[in-house]
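2 protein chains.
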Amino acid sequence: MAIKNPSIQKLITKYREISQLGKISAILNWDLNVNLPSKAAQSRAEQNAYLATLITEKWHDKEFRNLVEKIQQEKNLTPEEQAIVRNIVHATKFYYKVPKEIIVKRERITSMAFPIWSQAREENDFKKFLPHLQEIFALNKEIAGYLTYKTNPYDALLDQFEPELTAADCQTLFDGLKKEIVPLIKKITTSKHYSDHVPFVNSTQHYLQEDQRKIIDYVVHKMGFDFTSGRIDISPHPFTIGLSPQDIRLTTHYNNKDFRESFTATMHEAGHGLYEQRINPKYAYTPLEGGVSLGIHESLSRFWENMIGKNPLFLATITPLFQTIYNQQLGQINEQTLIKAFNIVKPSLIRIHADEVSYSLHIILRFEMENELMNNKLAVKDAPDAWREKSKKLFGIAPATDKEGVLQDVHWTYGAIGYFPSYAMGNIYGAQFLNKMEQDIDFDGTLTKGNLKPIKDWLDKHIHTHGSLYYPKELLMKVTGEKIDHTHFIKYLTKKYTKIYEL
Amino acid sequence: MAIKNPSIQKLITKYREISQLGKISAILNWDLNVNLPSKAAQSRAEQNAYLATLITEKWHDKEFRNLVEKIQQEKNLTPEEQAIVRNIVHATKFYYKVPKEIIVKRERITSMAFPIWSQAREENDFKKFLPHLQEIFALNKEIAGYLTYKTNPYDALLDQFEPELTAADCQTLFDGLKKEIVPLIKKITTSKHYSDHVPFVNSTQHYLQEDQRKIIDYVVHKMGFDFTSGRIDISPHPFTIGLSPQDIRLTTHYNNKDFRESFTATMHEAGHGLYEQRINPKYAYTPLEGGVSLGIHESLSRFWENMIGKNPLFLATITPLFQTIYNQQLGQINEQTLIKAFNIVKPSLIRIHADEVSYSLHIILRFEMENELMNNKLAVKDAPDAWREKSKKLFGIAPATDKEGVLQDVHWTYGAIGYFPSYAMGNIYGAQFLNKMEQDIDFDGTLTKGNLKPIKDWLDKHIHTHGSLYYPKELLMKVTGEKIDHTHFIKYLTKKYTKIYEL
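Chains as they are written, first to last, in my numbering: chain A, 137 to 639; chain B, 137 to 639.
The following block holds chain A by itself, in its conformation from the complex (with noise of 0.2 Å):
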């Protein structure tokens, strides 16, 4: 990357050092989930701790900060400085307008909250969870109101997690989403052709965890994820993480008494790793590298889960595989008895087990109980009959328990309000790129023949390559030509789900 600015050329040499610590917590982290000693938990705390200490030290450092400033008065900037001085304003915006003691408030708030929120789960038991989630949201009205915001506070957190993003705009997508999700569920779920039987998933099948990494290994390598700079690993909650650019990980979970789990999961995840793999390489430890938000890291995760995943012209090519791996336990079942398997439509109370289509309805959910939240209209003791009122509309049916309920999620036990629209974002985004592909190449063709190949090419060229250059409404239009809009993903979904169960 060709910088001449000399204040951001200084900035990027500092800025390494950034970078190179955040790999090197990763690396703990990764370990952490994946191999930790149950003893070594209290050490490792203070290891991750002592490194986020480094950390902020370099954001604070006195010629960084000096350059930050610099760096906004200069002008004549190519896009990628001008993308450079971008990020970093965004980046360094919590860490230089937040006050140091509510950051360290936060750091014990929630570090509190967790083992209570455990529990109080466990337990069933609201109550216990909320004076920490009353904090919580306290907090956060707190720290919004530091970062700045034009009319709602709910704006300056989702911004943080997704450059950019109003409640405005998720409120017009998401009622535009509910519209046509909420019937479609019901025409899914009382067509003839509906079943949510899953004849290969019963108490005698067993499905040996070497046989579903074989399936994995061959999916994963398929869709062109490097396993020389990258592994699969196991943790209880799947995850992605870079501890380099030549280094990203995957982790998956084997269910042994139902292979479609670790398969969509991994296929999941590869759609991450495949994005961090593929960014341009001369972007690595600056501030432009790395997946731009977490909407479009969820766009291709749940583009490589959905789209292709669950695609019946691509399970059709892999039904084989499973047959002979599965010889077994498959028996006489063939494509379209996995194909539907695959794409049961079924509405839930807990957002992990959600399909494909009610998925976004559990984001809705909670984007509703966080606006209401921060903008005082509702209160945090409240929380519980608000997400069993909004579950009978959505889904029509509403928890028994706030286990299944409010205290089903972990994200706002680490004080993460705000977080959730992106993964319905990410469904919103994953359609348009689509739609786009489908005008670009021979969609349906090259996953007919299993070739996954022209599709990681066009999302290698289009999205991959880019990594933080662009922010998601930009590279949306400069991608698709087209600004935010849900209605292709609607069409997505009623056209798979019309066919496979002749609606």
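It is worth saying that the hints were derived from the structure and are not from the lab.
Put simply, identical chains are the same to the list, so a pair is met inside one copy or across any two.
DSS-like mimics (lysine-lysine), calculated; alpha carbons at most 30 Å apart, straight line: (1) Lys241 x Lys194; (2) Lys592 x Lys175; (3) Lys150 x Lys236; (4) Lys350 x Lys175; (5) Lys277 x Lys539; (6) Lys175 x Lys418; (7) Lys198 x Lys146.
Chain A is already provided as a structure; the job is to place chain B on it using the hints.
Just chain B now, kept in the frame of chain A:
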């Protein structure tokens, strides 16, 4: 630990960061050896180099240096405080006395030497490696000068690996060993009960990794290694590393043709691991943390590997387990066959494959070489010939190629001159500890019952717990009431092998 001296208190607080960075570095190194994707080698090397820079900065921090000066003037220190001063002075010797440009030069020379050595060994071409080895020895002479020494520059290097050990010590001890071991080997190998045939190792037998792992888990658990504060993984060369006091990791290597390898290698590493796990927790993150020296570490690892793992009494108790797990492969093989198979003595050219009796001779050869090279009694270019001559004298055989001779070890490539003797010191110390242990507990009795707990408890009390409180010579005196004395090791070998081979 009750530290009353305020300067030492301050120093310890600052030292904690050095210790923490060291452990973070250990995480990276563990992962490097166990998990690293091939293309990530360069990025990991940079991460390690960056951490090394941070650590060096901490050692050179002005306030820290002032404290190091100050604590050396303090009076009326407790034994623990005195040991802290001693260890800090020892650790800073290299950092403060050797000029930075020499350290950088060493880094450059050794990182260039490694791939050349690798290739030279592969191609059996010493000449290719010669200029690099010459540089390495020249540089080490220079370093010895900065570290200062009385008469022998080699002493300065030895002291870095094994505090207070001198070439004169080694000469006396090793001459003593040589005089006895050479004829002992002859006696064993010419005994009518001797055979180097192992009936259960041949081209038709295969030992599953998971079976080997079962035995390893059983034995390492029995040794008292705490799996909630540690792990066992796989790497090409087994090693042990502490990622925190609660996270001690061993690696092993599986040979699917010979289960003895992983059994003894893992007991060896678990000996290191047990030491690190059972150091007084109050020493954690202070200059008293960790095992005191390479030699003491080796005394424990080699104790478990040889004096327990290959002990006929212990092998007898574990034979039923071998027979159960390797039922098909072992067939009618009884405990006597197993005992002999684990205790075959055979002079060989390669150190890492050496048996317990001839192992020390490999070290003596290297000690003599290093001592002569450091004192200009041997030129680097003549090293291959010298190696052959010494090999002939010690083993009765000379390597036909330098690959099996002077090029076999990686240590010199890393610039580590003076490291080898600690292996043989481990044998000597270990036998002294064993001799004392046999006076304190019913060693044979507890081994006959397959009960390792009294042995672990003895080591905990007399050695493990002290961490780096006592230097090797002091520890030895404290535990055994003796100076370093090689005769116990000779007595141990003679007694053991006289019995096995009815000499």
